[in-house]
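Student: One-letter residues, chain by chain:
There are 2 protein chains.
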Amino acid sequence: MKVEIITIGDEILIGQIVDTNSAWMAVELNKAGFVVEQISSVHDREDHIIQALDLALTRADIVLFTGGVGPTKDDITKQTLCTYFNSRLVLDESVLQHIKELLRHRSAALNELTYSQAMVPEKATVLTNHVGTAPLTWFEKEGKVIVSMPGVPYEMKHAMQVEILPRLVQYFSAPAVIHKTILVRGLPESQLALRIADWENSLPKELSLAYLPNFNLVKLRLSAVTYTPEQVHHVLNAKVEELKNILREAILAEEDLPAEQLVVSRLAERGATVSTAESCTGGYIAHRITSVPGSSACFRGAVVAYDNSVKEQVLHVDAALLAVHGAVSQPVAEAMANSVRELLDTDYAIATTGIAGPSGGTDEKPVGTVWIALAGRDRILSKVYHFKLDRQLNIERTTQTAFLLLLDELREIPDGRGV
Amino acid sequence: MKVEIITIGDEILIGQIVDTNSAWMAVELNKAGFVVEQISSVHDREDHIIQALDLALTRADIVLFTGGVGPTKDDITKQTLCTYFNSRLVLDESVLQHIKELLRHRSAALNELTYSQAMVPEKATVLTNHVGTAPLTWFEKEGKVIVSMPGVPYEMKHAMQVEILPRLVQYFSAPAVIHKTILVRGLPESQLALRIADWENSLPKELSLAYLPNFNLVKLRLSAVTYTPEQVHHVLNAKVEELKNILREAILAEEDLPAEQLVVSRLAERGATVSTAESCTGGYIAHRITSVPGSSACFRGAVVAYDNSVKEQVLHVDAALLAVHGAVSQPVAEAMANSVRELLDTDYAIATTGIAGPSGGTDEKPVGTVWIALAGRDRILSKVYHFKLDRQLNIERTTQTAFLLLLDELREIPDGRGV
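For the record, the sequence lines run as chains L and E. Residue numbers for the first sequence, in the numbering used here: 1 to 419. Residue numbers for the second sequence, in the numbering used here: 1 to 419.
If we strip away everything but chain L, and leave its shape as in the complex, we get:
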């Protein structure tokens, strides 16, 4: 079943915002067994919206509109679809009640503009927007479905998950789609493919396998499109068990989560804590960890020791060490990790010191040279990396590498394997 996404609004076409909605929608649609054929961004203009819709309907079974559903004059999606379907706007009492309740919750009063949000095309099925005032409208035409929803990411996601995706699956009597993602660590894609070749050849035809390489990780995704989900679940689970026997400790996780979430949940499982001492990453590791809800259970804090004076005075790194080896060195990285672990009394500590760029590099230590140290209660490991990227990417790669080092340590596989 093919889907097209049409985003409406000048803010994307003048580059004021990046369209992050479409990628999220594509992932969720794929998981439910739908394929995205095209994504188009068009202006808040009736002729443009109608042309895009007509073309999308020649290629796809489902057209999902986001945006252009606010109460102000420049938003015309609702009116345009109303005209397109030869319908007229009528007051929907239940939408009006919902808007009034939302406004009461926000201590705001109903006015002409918010009232107009309760006017909906007579021919549309109105779905509830649980988290906003703009209604979701669902139209059907010759067996095809056209849905309009808000462009605000929070409202769009809620609408897709709670109302739209379940209805699309039901409407098209779509088969169930089953996914299982395994994160594999320490094996490049080609080596991994060789290692699991026999297993891959043994997969029954209802299971398909995708390799999704990611920085220092490969995601293996097993999928099945099936009308007999229980039966296929059984086959899938058996195959996953076989895979676990082949890959053993190379399996980092059996779910597709970002590294910081794995770090937080693995630490929480063990009742363990972590702290960071960051120079070149400047607080980014701490930020990524604290962006995970519930991270306070395992994360105590960090010292961002950007200036050498902070390394000396807060982390008590020996001035002689800094003078002899330089800030970007193994002894300094290890001293920082040990010190912050003791200072904040945590089970583990991560330290980073490097040259993020664009300036500050030397022949001996060019931009992208980074030392990462990981201290535990009874041992420390440290390693140098040469990322050779731009400032932002050097910071991101350092952070991702630090997370993988900690995850390796939490699985107790040999130090620094495959990093």
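Watch out, some of these pointers could steer you wrong.
Repeated chains share a single entry, so a pair holds when one copy, or any two copies, can fit it.
[Claimed, not checked] Straight-line distance between alpha carbons at most 16 Å, and here's what the computed EDC-like set of lysine to aspartate or glutamate pairs gives: (1) Lys219 / Glu11; (2) Lys100 / Glu37; (3) Lys239 / Glu11; (4) Lys365 / Glu142; (5) Lys157 / Glu28; (6) Lys365 / Glu200; (7) Lys73 / Glu112; (8) Lys157 / Asp390; (9) Lys31 / Glu11; (10) Lys100 / Asp390; (11) Lys144 / Asp256; (12) Lys244 / Glu312; (13) Lys219 / Glu254.
If you are wondering where the hints come from, they were derived from the structure by calculation, not from laboratory data.
Using the hints, position chain E against chain L.
Tutor: Positioned in the frame of chain L, the structure of chain E alone reads:
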């Protein structure tokens, strides 16, 4: 002059990557006087690419393709355009030389795939891709221009700035576009509009004004499309001087830069330094500052005091203060700011303590309650905010607000004005 952007590649349509290229291109095209009519993402499929191109040419004068130009079999943009223009692939010796040099620099050898990158459509004008192996191809058809470039953001940006935009301006004898953006602080859009109504009415017809509201800021953008840029620059500068006299201290900056860049450059101008003590922002303020190249001149470091034990032991916040007022309180925020300022010996210090959510809120202090303190050498200011957003947005808003507080302080306008 209208432009359409067509991104080619399954990775966008399956949601593996977010298309950040198009927004960047739209901004740069707008600055040069071009208007983006539509953005489309299509599959690596000949019929789909050709349909998208045909449709785009009915609406626009310029079609810019990104992506699908790698050397592997799934990338077919070059072959498709070659067929579309009834051309054939021929070896371009200068492209081959360029590829060889790039590979030598990367210590890689030429192979069949990289060699194939030097085969270009005979009817295309080949522009140099200074930073990659895939050539940029420029086609002309009935006065319209079609350009294909790589999808890798770094290569795309380089190609647009160095080769494509200057040529488009020249080809279409486009007038020069002049922009001047003024960041205004502490005046909501409607009040600002009233304050500058007379000035706005006095603008000559060649200057147009746009209000771009941003969180706690309004960006005023003056633009002119002109064949007499020097003359218009003169008028523009005179009008900007008038505006400065009207808005005075409400002008935060005369260039459109993110808050962290303004913070770094304002501190650097004064030779002043800053540190942070972060609880609810978890290192995000430090990260945003250190993402600016050269921030080491003004940023010493941070203490991320996520756990109360860190507030007590590293920042020496009185345990009694924490017990009586709670961590999310004015006395604790002020103690954190004063302490980190002294500990790291900086001119200014920012402290944050709040409930980012989703859990941890109480009736008295719901999720989104945040105290921010800003300590200077001889005074401190602190204020409470109620952001009522999700975790990520609460962290972002707190950070942005802290930057604006510091920028206000650096301009020495009354405390907390308009925040």
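Student: Is it within, between, both, or neither for Lys244 and Glu312, if the alpha carbons may be no more than 16 Å apart?
Tutor: So Lys244 and Glu312 fail the 16 Å test inside a copy (46 Å) and across (45 Å) alike.
Student: Is the C-alpha distance from Lys144 to Asp256 at most 16 Å within one copy, between copies, in both cases, or in neither?
Tutor: So Lys144 and Asp256 fail the 16 Å test inside a copy (32 Å) and across (45 Å) alike.
Student: Measure nothing new, just compare the shortest in-copy and cross-copy C-alpha distances for Lys31 and Glu11 to 16 Å and report within, between, both or neither.
Tutor: between (29 Å within a copy, 15 Å between copies)
Student: When no copy is specified for Lys157 and Glu28, does a C-alpha distance of 16 Å or less occur within a copy, between copies, both, or neither?
Tutor: within (10 Å within a copy, 30 Å between copies)
Student: Is it within a copy, between copies, both, or neither that the alpha carbon of Lys100 lies no farther than 16 Å from that of Glu37?
Tutor: neither (38 Å within a copy, 37 Å between copies)
Student: Give the relationship of Lys219 and Glu254 under a CA distance limit of 16 Å: within one copy only, between copies only, both, or neither.
Tutor: For Lys219 and Glu254, only the intra-copy Cα distance (10 Å) is at most 16 Å; the inter-copy one is 47 Å.
Student: I want to check one pair: Lys365 and Glu200. Are their C-alpha atoms no more than 16 Å apart within a copy, between two copies, both, or neither?
Tutor: neither (43 Å within a copy, 54 Å between copies)
Student: Can you give me the call for Lys365 and Glu142, within, between, both or neither, at a CA distance of at most 16 Å?
Tutor: neither (65 Å within a copy, 53 Å between copies)
Student: For Lys73 and Glu112, with the copy left unspecified, which applies at a CA distance of at most 16 Å: within, between, both, or neither?
Tutor: within (12 Å within a copy, 57 Å between copies)
Student: Taking 16 Å as the upper bound on the Cα-Cα distance, should Lys239 and Glu11 be classified as within, between, both, or neither?
Tutor: neither (47 Å within a copy, 27 Å between copies)
Student: Pop the pair Lys157 and Asp390 into one bin, within, between, both or neither, using alpha-carbon distances up to 16 Å.
Tutor: Intra 33 Å, inter 14 Å, cutoff 16 Å: inter-copy only.
Student: If the cutoff is 16 Å on CA atoms, where do Lys219 and Glu11 land: within, between, both or neither? Let me know, please.
Tutor: Classified as between; 15 Å across copies, 34 Å inside a copy.
Of the hints listed earlier, those the structure fails to meet are numbers 2, 3, 4, 6, 10, 11, 12, in rising order.
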